[in-house]
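Protein chains in written order, with the numbering used here: chain E, 5 to 234; chain F, 791 to 917.
If you're looking for bench data, these hints aren't it; they were derived computationally from the structure. Be aware that one or more of the hints could be misleading.
Okay, derived cross-link-like pairs now, DSSO-like style, lysine-lysine, Cα gap no bigger than 30 angstroms in a straight line [to be verified]:
# : chain 1 : residue 1 : chain 2 : residue 2
1 : E       : K140      : F       : K882
2 : E       : K198      : F       : K882
3 : E       : K198      : F       : K871
Between beta-carbon pairs, the in silico distance windows are [said to hold, decoys possible]:
# : chain 1 : residue 1 : chain 2 : residue 2 : range
4 : E       : N113      : F       : Q818      : 16 to 26 angstroms
5 : E       : G98       : F       : Y805      : 18 to 28 angstroms
6 : E       : A188      : F       : D825      : 39 to 49 angstroms
For clarity, every value in this text was computed on a predicted model and none was experimentally measured. Quick reminder that beta carbons are idealized off the backbone N, C-alpha and C, glycines included.
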Amino acid sequence: MERLDLMANMKQENVARIIDFLEENKNREGEVSLTDVMHLAEVMSGSMFDFLSTVQPAVTEELTAIARQITSMKEEISQLRANDMKTNKIPDAGRELDAIVEATENATNTIMETAEEIMGADTSDPEAYQELVSNKMISIFEACTFQDITGQRISKVIETLRFIDERVSSFISHLRIPEDLEAAIEESDEERRKRELILHGPQHVGEGVSQDDIDALLGDAQSDIDKLFD
Amino acid sequence: MALDLQMPVLVVDDYKTMIRIIRNLLKQLGFEDIDDAADGTEALEKMKQRRYGLVISDWNMEPMTGYELLKQVRSDSGLSKTPFIMVTAESKTENVIAAKKAGVNNYIVKPFNAQTLKGKIEAVFSE
């Protein structure tokens, strides 16, 4: 009789916790995060813990382990600093890359304009021409200073990638996710376009074919090219 | 087919700086009539309005790539004979083979120099 009373009290207390949780989140309109689910799982497992501890110690042990794992996962998720990544790190890296594109474009335009002015300059007066070329060369040197700044910006982007890599790697390691546990990814429209139109982008040194290789391919008879598919 | 420096040349690239570079190199080679387009769609429209003696096109552009442009040009009876050189950073063997099969006249991998461009143009017109 005492045992039933205890269970009834515990259930009431835990049911109240669940009701409180649901009350707090009733206006979420379906926007449920992983943290919410884990919090609810924590509350639910806590309620089960009280009940089952009176009837089955083995199950209690399992539930304790699950609760410990959930707590550990919450800690790992907090270590990911996902919001910091989303709101600060990744947008900052994007801004740095935009600035790099802008700086290299400006420098290229300056260099090209200067070169065009030299090419179009009047050469009939050698002294005037020499002075013009000297001045324009200084403009080209000045434009090349973009390299120092873009180098620093690229370092910041690499720092961000390293930050993300370290946290995601640590997260995967703590969750003990097997390497072969990868969900099949459905090909996006963009990926399909790249595959169908053979869009690989620039290759690194030694990865693509050289101009000499291309000349050889184009010079070969079709049968030789076909051999590449064998 | 003889190389005629008076013939109109169409340069197709979505990167304005690259158009400017190729335009300057072509001018150095003696070409005077140089037009440009920012992607395959614009190039095709221009090609239907004007007969170009040579097309120099990038591969990776949106919405229409240089590869799609090449196939469209080769399938159009009015345009199919237009000499077409691909100038691109796409340097995988499968890209070169696909371009060859689609009927490209020559293929230049970026980055390239003036000598390469000159050599390939001359090669196309000596075929």
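**Study point:** 18 to 28 angstroms as the expected CB spacing between Y805(F) and G98(E), which holds or is violated
**Key:** This hint holds: roughly 20 angstroms between Cβ atoms.
Review point. Straight-line Cα separation of K140(E) and K882(F) no greater than 30 angstroms?
Key: violated, 39 angstroms
Exercise for review: Sort out whether K871(F) lies within 30 angstroms of K198(E), counting only the CA atoms.
Suggested key: Satisfied, since the Cα-Cα distance of roughly 28 angstroms is no more than 30 angstroms.
Review point. Is 16 to 26 angstroms right for how far apart the beta carbons of N113(E) and Q818(F) are?
Key: Holds - the Cβ-Cβ distance for N113(E) and Q818(F), about 19 angstroms, lies within 16 to 26 angstroms.
Point to revise | K198(E) paired with K882(F) [C-alpha distance capped at 30 angstroms] | key: holds, 14 angstroms
Check your understanding: Measuring from beta carbon to beta carbon, are A188(E) and D825(F) in 39 to 49 angstroms?
Key -> Check passed, 47 angstroms falls within 39 to 49 angstroms.
Hint check: a violation occurs at hint 1 only; the rest are consistent with the structure.
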